[in-house]
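2 protein chains.
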Amino acid sequence: MAAELTAHELIAKHRPTLDQALEAIRTRAYWSPHPEHPKAYGENGSLDAAAGKAAFDALLGGRLDLGQPGTDDWVGGEVSPYGIELGVEYPHADIDVLLAAMKSGQRAWRDAGAEMRAVVCLEILKRISDRTHEFAHAVMHTSGQAFMMAFQAGGPHAQDRGLEAVAYAYVEQVRTPDTAEWTKPQGKRDPLAMNKRFTPVPRGIALVIGCNTFPTWNGYPGLFASLATGNAVLVKPHPRAVLPLALTVQVARQVLAEAGFDPNLVALAAERPGEGIAKTLATRPEIRIIDYTGSTVFGDWLEANARQAQVYTEKAGVNTVIVHSTDNYKGMLSNLAFSLSLYSGQMCTTPQNLLIPRDGIRTEEGPRTFDEVVSDLARSVDGLLGDDARANALLGAIVNPGVKARLEAAAGLGEVALASREIANPEFPDAVVRTPVIVKLDGAKPDDEAAYMSECFGPVSFAVAVDSAADAVELLRRTVREKGAMTVGAYTTDEEVEQAVQEVCLEEAAQLSLNLTGGVYVNQTAAFSDFHGSGGNPAANSALCDGAFVANRFRVVEVRREA
Amino acid sequence: MAAELTAHELIAKHRPTLDQALEAIRTRAYWSPHPEHPKAYGENGSLDAAAGKAAFDALLGGRLDLGQPGTDDWVGGEVSPYGIELGVEYPHADIDVLLAAMKSGQRAWRDAGAEMRAVVCLEILKRISDRTHEFAHAVMHTSGQAFMMAFQAGGPHAQDRGLEAVAYAYVEQVRTPDTAEWTKPQGKRDPLAMNKRFTPVPRGIALVIGCNTFPTWNGYPGLFASLATGNAVLVKPHPRAVLPLALTVQVARQVLAEAGFDPNLVALAAERPGEGIAKTLATRPEIRIIDYTGSTVFGDWLEANARQAQVYTEKAGVNTVIVHSTDNYKGMLSNLAFSLSLYSGQMCTTPQNLLIPRDGIRTEEGPRTFDEVVSDLARSVDGLLGDDARANALLGAIVNPGVKARLEAAAGLGEVALASREIANPEFPDAVVRTPVIVKLDGAKPDDEAAYMSECFGPVSFAVAVDSAADAVELLRRTVREKGAMTVGAYTTDEEVEQAVQEVCLEEAAQLSLNLTGGVYVNQTAAFSDFHGSGGNPAANSALCDGAFVANRFRVVEVRREA
Chain W
1 MAAELTAHEL IAKHRPTLDQ ALEAIRTRAY WSPHPEHPKA YGENGSLDAA AGKAAFDALL
61 GGRLDLGQPG TDDWVGGEVS PYGIELGVEY PHADIDVLLA AMKSGQRAWR DAGAEMRAVV
121 CLEILKRISD RTHEFAHAVM HTSGQAFMMA FQAGGPHAQD RGLEAVAYAY VEQVRTPDTA
181 EWTKPQGKRD PLAMNKRFTP VPRGIALVIG CNTFPTWNGY PGLFASLATG NAVLVKPHPR
241 AVLPLALTVQ VARQVLAEAG FDPNLVALAA ERPGEGIAKT LATRPEIRII DYTGSTVFGD
301 WLEANARQAQ VYTEKAGVNT VIVHSTDNYK GMLSNLAFSL SLYSGQMCTT PQNLLIPRDG
361 IRTEEGPRTF DEVVSDLARS VDGLLGDDAR ANALLGAIVN PGVKARLEAA AGLGEVALAS
421 REIANPEFPD AVVRTPVIVK LDGAKPDDEA AYMSECFGPV SFAVAVDSAA DAVELLRRTV
481 REKGAMTVGA YTTDEEVEQA VQEVCLEEAA QLSLNLTGGV YVNQTAAFSD FHGSGGNPAA
541 NSALCDGAFV ANRFRVVEVR REA
Chain X
1 MAAELTAHEL IAKHRPTLDQ ALEAIRTRAY WSPHPEHPKA YGENGSLDAA AGKAAFDALL
61 GGRLDLGQPG TDDWVGGEVS PYGIELGVEY PHADIDVLLA AMKSGQRAWR DAGAEMRAVV
121 CLEILKRISD RTHEFAHAVM HTSGQAFMMA FQAGGPHAQD RGLEAVAYAY VEQVRTPDTA
181 EWTKPQGKRD PLAMNKRFTP VPRGIALVIG CNTFPTWNGY PGLFASLATG NAVLVKPHPR
241 AVLPLALTVQ VARQVLAEAG FDPNLVALAA ERPGEGIAKT LATRPEIRII DYTGSTVFGD
301 WLEANARQAQ VYTEKAGVNT VIVHSTDNYK GMLSNLAFSL SLYSGQMCTT PQNLLIPRDG
361 IRTEEGPRTF DEVVSDLARS VDGLLGDDAR ANALLGAIVN PGVKARLEAA AGLGEVALAS
421 REIANPEFPD AVVRTPVIVK LDGAKPDDEA AYMSECFGPV SFAVAVDSAA DAVELLRRTV
481 REKGAMTVGA YTTDEEVEQA VQEVCLEEAA QLSLNLTGGV YVNQTAAFSD FHGSGGNPAA
541 NSALCDGAFV ANRFRVVEVR REA
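So the protein sequences, as listed, match chains W and X.
Numbering of the first sequence is given in the UniProt record's numbering, commencing with residue 1 and proceeding in unit increments.
Numbering of the second sequence is given in the UniProt record's numbering, commencing with residue 1 and proceeding in unit increments.
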């Protein structure tokens, strides 16, 4: 059967975008081909808001048949953090049958070469982009993100991260030429002459283990990096966030088939409640690459046990913001308030520990005591979330009972500077919506250390009193070294303090945002420009996205012969 | 104190070479700045043969004081495979003191940037190159390589591999710009604008664990890749092959100091007999990168236990040559004979298993039976090594008693097609020089499988009778998959067989040489063009050299602030 999508068509359609992505990762200037505004969709085949919502609604209570081999059962049971039961059923696989089937298409996918694989990946991303409104609802009702965030972070931003991974994967594979002629002079004798052919070859089958909070954003980099480097990809979603990745797999299988490849190069591994198949899959000999986002405990387990695979993990960290001095006090407070509130602090990048000198800070409005800074920040959060509609749009819903329990327990850890409030969601009355809590702790008290030196994932932050800027810097160093950090923030107008914070971040490999007072937040990174994590501290063993993230997903085989 | 070597001078001197190396790894055409011919040395500050020999002789029986902190003793005791005692003493380190000292210079080395680090590395390589004659004797009298091989493989070829690693390290670090201006449109509102700074930061201290047979060739890639990416490097040589790496460390320390950096960025960890410090060092928290060449047992131990480090291993494999058919029978035989004889088969790339159909092979001179092929090959080896002077120049000496014992035991494994002979070395009467043994085995006999499916490092090869070309291809696949391979060779004039062998090599990630009959041998790879190992089968987890070999030796830290 002739492919419906030819290489020629795909390359003509997507090569310009690939080239722009390659240029973007080189300059790291702003770029994205995926519109952020919901109203940008609805033309050229993309679904508008109403069509996207209708498409999502049509999925509910149905069976998502991906046509996968070895399907031995149907599983489901997702309940939205907004309270509705999705009722979607997914294929449950006989793993022996599915893994065997995933191998059959690998040779053709390998032989297609780096450029063809890249443009097939770009076609998959384009189809996903066209359905961004539909995916937004799927992300919203699995992660608990508010609609606008689910739309942007789960849509264009996730697609950007996927495309970025494709760009890195492509450039890494074409660093070595397809062929070389090698001629070595031998003095008066004839030169030695060899013809060499170099082929990027995949590792095997890659496993993507998805997370609850950012199924697409955290899932796409590994998925597309592995696929673009010639591997087959098995997607094991979080049991509470299957739908966005199941739809992704569906699109990928469709595009692969249309381009003449085996759709089983991408497959879904949904599981029964409590089945815990990630451990089983992760140690199968066929699985040679694993991408994981989630708890430190399981990430460490994967690194220690899935020894047959290249393992890329993003685990937990303790993110710190040092508040030392500022020349824009209001800007600092509102920027921080937004960071603490966005998606109820359920981002791996949300600040947890705010280190503030117990003697207070300098501002352009004069000095502020520790207590004043904390209460001003509490007031700023209150102001930001004072209107219920805006609070709902910013906070989203608490993703699972574990986060809610931690939030409730946090009030017992110290003096509560800002209490968490319930917010009613008129559209989804069962949604659990809570404002963040801020708890005061003392950096010098050993009892408090247990709290601020542990990750407390969710809308909980600690205002930690420290003795001095130097004390803050040392606590930052210790926190990053021992617990890891996805982000570090600092506010200071003092050149020496800034240098000291920078030096800690360079030495402990943490990504630093300095003096943010406007519309960019410490917990947000932009694909093609910002690195997400560093891969150099305990929070993650890899960064999104760099050469190291893609270079070991394939190997280069050389075949040489005399010329 | 002002540096004697300024950045300006070093860049002016070495940037053109770096640029040529960058171009060479891109095209993979022949290139080397390091002359292979001994007579090319003696001008422009390089030592000629006599001066190099004199410099080596002056080292014997002396103390190599590297000026390292924490030196608590002096250790030595190398005995050349050629029989002479080197009598050189090296510093033994108090590891706590030495590791602490190695950290002090890291910040300045990091801040110097990728280009400065690269040219400092090139200056180190240049000084080593100038002393190639001296190094050649040091390599000869530790590895047992014959002089010419020690000269070339231990000199220019090792320097090439070091330079190649520097080139990869440099290009990997400058893929991300130093700074970026990021401006994101916000419709009618002001755009978001950020200034970003990106800094490559080292992992920490890198450990190079050297091997007995190729101290410089296998040591330089890891050493220079780590140093060029900003790490300090601790070199732990094999106790029988300290001198070449101790001289390397000495040169590196001298150049670093002259360029204004802390010489302790490179240090030596020599050990007492039986001290076994590699295990202790490998699990120290300060050690964040390990490069190792040696046994599978210890390589696997490192991968499993040195979890705080990035571990790059080259271990053992079982290298196969399939002999199916040829249109240049004599060329094939002489090429194979050379490969089996060079350095007494003590290369990780030497063929071990020659798979030959039991029904014989086709040649341009007509069919040859299995027995004829084996006896013709034996005759070819005999002819190559018939003259004692040539035999000594090719074979070198047996590196250690373990290899000799294996060689002697091999004759008991099957029918001996070519017996090993002792060769007298008139210059070094105590040298143990032996010609290779070829033993016939039957691929269908389970008893024989234990022999040919294990690595028998040294001048031992097995002529394994197989049922068919397909049988050979399947045995090749199984051998690479289960035991790993640094090299694969094949002789065939049959397009289908060639395709089948290629497909196995692509699927199992093995480097393939086809139909070599001239002056290029399966066990030799050329830097800047050939990959050494693939990193995709059990023989090695990395290849020399590619992006994956360097990309994870550093991380990139971003500092961003509002524009």
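A few of these clues could be false.
Far from chain X, some chain W residues (derived; all Cβ distances over 10 Å) [as the list claims (entries may be wrong)]:
#1 K196
#2 S375
#3 E408
#4 S534
Simulated pairs of lysine to aspartate or glutamate, EDC-like, Cα-Cα distance not exceeding 16 Å [to be verified]:
#5 K188/W with E455/X
#6 K103/X with E507/W
#7 K184/X with E36/W
I should point out that these hints are in silico values taken from the structure, not numbers from a laboratory.
Source: prediction; values computed, not measured.
Note that CB positions come from ideal geometry on N, CA and C, so glycine has one too.
Results for each hint:
Not every beta carbon of chain X lies more than 10 Å from that of K196/W, the smallest distance being close to 7 Å; the non-interface claim is violated. For S375/W, the condition that its CB be more than 10 Å from all CB atoms of chain X holds, with the nearest at approximately 26 Å. Against the 10 Å criterion, E408/W stays outside the reach of chain X, whose nearest CB is about 35 Å from its own CB. The non-interface label for S534/W is inconsistent with chain X: the shortest C-beta to C-beta separation is roughly 5 Å, within 10 Å.
A C-alpha spacing of about 39 Å is found between K188/W and E455/X, which places the hinted pair above 16 Å, so the restraint is violated. Annotation: proposed proximity of K103/X to E507/W holds, straight-line Cα distance about 11 Å (limit 16 Å). Between the alpha carbons of K184/X and E36/W the distance comes to roughly 11 Å, so the proposed pair stays at or under 16 Å and holds.
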